[in-house]
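Engineer: With chain A's structure known, arrange chain B on it following the hints.
So the protein lines, in turn, are chains A and B.
Counted the way the working numbering counts, the first sequence spans residues 3 to 429.
Counted the way the working numbering counts, the second sequence spans residues 3 to 429.
Hints were generated in silico from the structure; no laboratory data involved.
You may find that some hints are simply not true.
As the list claims (entries may be wrong) - Chain B stretches covered by chain A per the calculated footprint, using a threshold of three residues with CB under 8 Å from any CB of chain A:
| id | stretch |
| --- | --- |
| 1 | 94–104 |
| 2 | 220–229 |
| 3 | 285–294 |
| 4 | 377–388 |
Every residue gets a Cβ at the ideal spot worked out from N, C-alpha and C, and that includes glycine.
Protein chains: 2
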Amino acid sequence: MKIIDNPPRSQWKEICKRPQFDVGFLEEATVKILNQVKTEGDKALLELTAQFDKAPLQTPKVSPQEIEYACAQVSDELKKAIATAAKNIEKFHAAQKQTFAAVETVPGVCCSRRATPIEKVGLYIPGGSAPLFSTVLMLGIPAKLAGCREIILCSPPSSSGAVNPAILYAASSVGIAKIFKAGGAQAIAAMAFGTETIPQVYKIFGPGNQYVTKAKQLVNQQGIAIDIPAGPSEVLVFADEQANPVFVAADLLSQAEHGADSQVMLVCAEEKTAEKISRETASQLKELPRRQIAEEAMKNSCAVVFNLKEDCIDFINEYAAEHLIINTRDCDEIAEKITNAGSVFLGAYTPEAAGDYASGANHTLPTAGFAKACSGVSLDSFMKFTTVQKISREGLKNLAPAIVAMAKAEALHGHAKAIEVRLSIHE
Amino acid sequence: MKIIDNPPRSQWKEICKRPQFDVGFLEEATVKILNQVKTEGDKALLELTAQFDKAPLQTPKVSPQEIEYACAQVSDELKKAIATAAKNIEKFHAAQKQTFAAVETVPGVCCSRRATPIEKVGLYIPGGSAPLFSTVLMLGIPAKLAGCREIILCSPPSSSGAVNPAILYAASSVGIAKIFKAGGAQAIAAMAFGTETIPQVYKIFGPGNQYVTKAKQLVNQQGIAIDIPAGPSEVLVFADEQANPVFVAADLLSQAEHGADSQVMLVCAEEKTAEKISRETASQLKELPRRQIAEEAMKNSCAVVFNLKEDCIDFINEYAAEHLIINTRDCDEIAEKITNAGSVFLGAYTPEAAGDYASGANHTLPTAGFAKACSGVSLDSFMKFTTVQKISREGLKNLAPAIVAMAKAEALHGHAKAIEVRLSIHE
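Only chain A is shown next, with the shape it has when bound in the complex (with noise of 0.2 Å):
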């Protein structure tokens, strides 16, 4: 791991960059699959699936067999850690249920705030080397929580024309019913526009490949919502002298090992805790099983020394770090002083890989430094908020020479009309 030594300022920008990679190539491949599924639905999606996942199908739809059949294939161990984790998930999205009392801004003028589920929402979910239907659980569970009438699913199937068994099993143990065979941009396309066999959602949910997060990003600029701006996983630790190399080698590598275009960080305010951890991850790499990929991902990474603790926690804030893990004496304090993060992991016993799968938060998290201005996922990603007023010819009596006065001064003389014809009538 390359260490930098209290890097200045004005290089933070480039150190917190991440691995860049030439898009420019698949807008426009994107762009023609989704009007390819657009126009032709169906059609166009099993010539898709048929082309790209080399499966060919007479239909996207899984059937109530398929399930019961993959159901079967999941080993008892995974069904007890997936209801284990589910168990979590719904506990910690549970307790994000909000209330919001009426306020009564001034006498007769009562303004409240209503939840309501997202009717129609879409889980989009990988297969391919890693399947993961961990995504499935926290996806579909506060998608049920909150309410959603109406949950499909896609993931791509393998040549053979099959999902992964466990994520039809986890989708299955949430209850979704409505599940599709269908990966990449066309999954995204079919959930966007409809085609015959798989309804239109207001909303698409979930991780994917470079196809993938183009074709949200171009659906969402055609009125589709998206959860969450998608990039390769990241994770930055902090670590002081009294955290365990072990420990934090094993996390960093945790993080590498999902792609290679993952970024992970070391900070530590003194070198030598730095240099030990870099000897540490150096050794575990060796015997990790997806070394390849970890030893890619670790090319974008680097460690980053400050003598001082209040730089630390400065850079940490401009990184804006996916997952951040802070392995220090003093974590909870630390904590209190992070403004930027997705989610943050706690002391020496706190690794990601706990909230990855069963801590019971969420695991879809802003990365790219999104956790600047955007959250992860949660209860609140599935509903959606409406402001409800109610006004008694009081109340309006009350504000109107407010509304008026502001009316007018925007030489908007219909809105001051909409008060007065009111307040002109005796009742």
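Structural biologist: Okay, now just chain B, sitting in the frame of chain A:
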């Protein structure tokens, strides 16, 4: 007003379509402006301001003297009105502060959620024929309440080089000091990328013309958050036979006067009611100062009649109006059945104009059917939520079997290892 009688559901999508404009030409022009400001900063900004606003400026910065001068120009009546509106907006938005208790999902596993303000936000306020100083309050007050550290405001200057005095007064009254003379796509570019004078922000708020909207979309793709997808304003009024046609017509026209691209819809359960209101609207239209604008908008508009009240409600939810006025005897009962709307106005004495200015609710709302998935601006729009997890050794032991089983099933052995190394050490 065209009256459509009991349209079948197959026609609803077509009826709910918002006025369409050819915006193909926009993208190229907007991209050019964005790039110009990104590479040349203030120089490009001043050139574009000279070109589009006909204002030759030395600096985009509004000086304290200019603010002072503007404040002296605003009438006492308007100052009092702004103070009333501000007080109500503050009261309603302050009540939106959430507290979130930590949850122990399993013994030793503590998850919580922390709200932090978005550090740097930019507000865009259109100038021109209807200077929306009310929007300064709607965005500035929640930004202040949230605790955003840097709040900047851009608004286009008139050809004399001055920003509208009421906009400067409103900004100053809510405590915004960094105000810049910049409009259109160039203002959005300046806030998104920063210039020598204008600081870069993390999230951009505010309405604007098609160039502003397109620029917000484009910078959003580059990682700058935006408030909500914006579009022309709209209202849907649901009126029954007891509704006073004079009130309803005034409400329809107060929306229509916003712009030629506005849309107003009327839904009734009786054709006679729709006819009465339609006649009254035509009659009031003649007296409106912004008659020409409103006339154009009324061409995009229609009344829809359904004999069944349930159909009325379903249609209203399908339309998903930015503003929904329910002027019926049973308005509270109906409101309970509304699933999609930006803001709801209940009863005879709750005109949209009240919410536009002074009831306390926010007037920055989702248009074009986005209310199906999006909320209007609220206190939360200026904050983000970070999950925080803290796990004890015991807690990790409790979670370990689930995490390890799931990580291995997802082929992420490094994740499993981050747990195993921690529990293999005896404390």
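Engineer: Please go over all the hints and tell whether each is borne out by the structure.
Structural biologist: To see whether the hints hold, each was checked on the structure:
| no. | hint | result |
| --- | --- | --- |
| 1 | 94–104 | holds (count 6) |
| 2 | 220–229 | holds (count 4) |
| 3 | 285–294 | holds (count 4) |
| 4 | 377–388 | holds (count 7) |
Checked against the numbered hints given earlier, this structure breaks none of them.
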